[in-house]
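Put chain B on the given structure of chain F with help from the hints.
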Amino acid sequence: MATPGILGRKIGMTQVFKEDGSVVPCTVIEAGPCRVLQVKVKDVSELPDGDQKALVNHGKRRGKHERQRRADGYYALQLGFVQRSGARTKKPDAEHCKAAGVADGGSYYFVREIRFDGLPEAKRGDDLTVAALEGIKKVDVTGTTKGRGWTGAIKRWNFSRQGMSHGTKKCHRHVGGTGRTYSTAKGVPKGKKSPGHYGVERVTIQGLEVVRIDAERNLLFVKGAIPGPPTGYVMIRKSIKLKG
Amino acid sequence: MDVIRKLENEQMKRDIPRFSVGDTVRVGYQIREGNKERIQYFQGTVIAVRGSGIRRTMKVRRIVAGEGVERTFPLHSPKLAEINVTSMGKVRRAKLYYLRTRVGKATRIKQIFGKTYDNGPADKGDAPSAEAS
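So the protein sequences, as listed, match chains F and B. Under numbering that gives the first Met the number 0, the first sequence has 52 at position 53, and the numbering climbs by one with no breaks. Under numbering that gives the first Met the number 0, the second sequence has 3 at position 4, and the numbering climbs by one with no breaks.
Simulated from the structure, these hints should not be mistaken for laboratory data. The beta carbon of each residue, even a glycine, is placed where N, CA and C say it ideally should be. It is possible that part of the hints are untrue.
Unchecked claim - Residues from chain B shown here face chain F by an in silico Cβ test under 8 angstroms; the list is partial:
| hint | residue |
| --- | --- |
| 1 | V2 |
| 2 | E9 |
| 3 | M11 |
| 4 | S51 |
| 5 | I53 |
| 6 | R54 |
| 7 | P77 |
| 8 | S86 |
| 9 | I111 |
| 10 | G113 |
| 11 | T115 |
To be verified - Straight-line alpha carbon distances no greater than 25 angstroms define the calculated SDA-like cross-link-like pairs of lysine to any residue that follow:
| hint | chain 1 | residue 1 | chain 2 | residue 2 |
| --- | --- | --- | --- | --- |
| 12 | B | K78 | F | G223 |
| 13 | B | K12 | F | G223 |
| 14 | B | K58 | F | F16 |
Extracted from the complex, chain B is given alone in its bound form:
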């Protein structure tokens, strides 16, 4: 298994910023339109982070035109251009699937104000760098 870990490590991104479940993030994802490439942004709440190593993904949920939209982003995908944490949330669960049954005001998450992640060199060798503090 160690060889696999090592191989994955080589392909993993080192510069994934810290974020955690409950945060509101703005994710830039490269998409292709015909021959043009551009970055599409998707802003929403991180409701789940799963997988380890290169298979790590996050689920972002937002309400678009009254309809809940969830997108899964592979964190180490070359198409994932950027992740910006716009606000930090305070939650007591690892998976916020309960938000799916909620509408309107009830989907709000308690926010942590006046704090940001220490986004220094997040690289900790083979530890998944997307781990929240």
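One chain only, chain F, in its complex shape:
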């Protein structure tokens, strides 16, 4: 089963000429290499032999005990992207990554799970590169949008502006009426769209066409825009809208 996803970092946008002269707007993503930090499995028996037991620390008095490891209940690969030095790593992270063969107590800045339908082929400690996406036509890209701070309802919710003239008094970009009247007078409805913090949300753009895969330089070109600023971390997965 081919790997349905990888982690990456947005580099920026450019354009690519197709052979027929048409221009494709592209986002360039530095995708991988990602280290497989953990393989999540449905059943304990699917874990590698050495991993079926876990060492549990019960404290000073009762000491350490081995016990059967619990299954995760689903299949996934936990991937790490962009290595962090040992000096910047917390100890639990370092131990976790050490099992995946990361040297000198290092860990990763960006760790995410990619779900699988069945048991993934990749093993802990493997490195995934962008070449794993070869043959995938469309991808979904998940990222964190740019922060826009406190934002009015026009930008945040696509409200309409009020008239600039015809007697509008200093409320050209205001929300407008919010309450209810008469028999349904219960004040402002819950969840009413209003100004507030906007951006820094997890957003997935579905069905982005894969334009080019540059395995040598770990670059992925997708058609169109993706969330977040350049250097923003993103998760790239095979599009769920793709059949098969």
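Relative to the frame of chain F, chain B by itself:
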């Protein structure tokens, strides 16, 4: 941003001749007619050059049958076959949009005679090669 610049550089043409706004150019652009491909020529005045890197384009204006026609050519497009500078113009503006409001004789641009661009190897590494001297 540097990676983007580098990627664009790889795709950019190295052999774009020098020209500048105000010049009269003859542009060959590959077009497709049914199954046949041929080069269509468009001659006119360069009224604007905009964009940088691979996004650089030029606008060429000419009068066809009394009607002003403007075409935008992406300089690095694989369909752009050739650019020939037929005459050099002397202008004091980067964008000659004022030509749109002019008709007839007033659309003429002062010409520079007896001079041509030094069209040696125009490649200057990552500098846009369409830059006029």
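Going through the hints against the structure:
no. : hint           : in the structure
1   : V2             : holds (5 angstroms)
2   : E9             : violated (10 angstroms)
3   : M11            : violated (10 angstroms)
4   : S51            : violated (11 angstroms)
5   : I53            : holds (6 angstroms)
6   : R54            : holds (6 angstroms)
7   : P77            : holds (6 angstroms)
8   : S86            : violated (28 angstroms)
9   : I111           : violated (32 angstroms)
10  : G113           : violated (36 angstroms)
11  : T115           : violated (29 angstroms)
12  : B/K78 x F/G223 : holds (23 angstroms)
13  : B/K12 x F/G223 : holds (24 angstroms)
14  : B/K58 x F/F16  : holds (19 angstroms)
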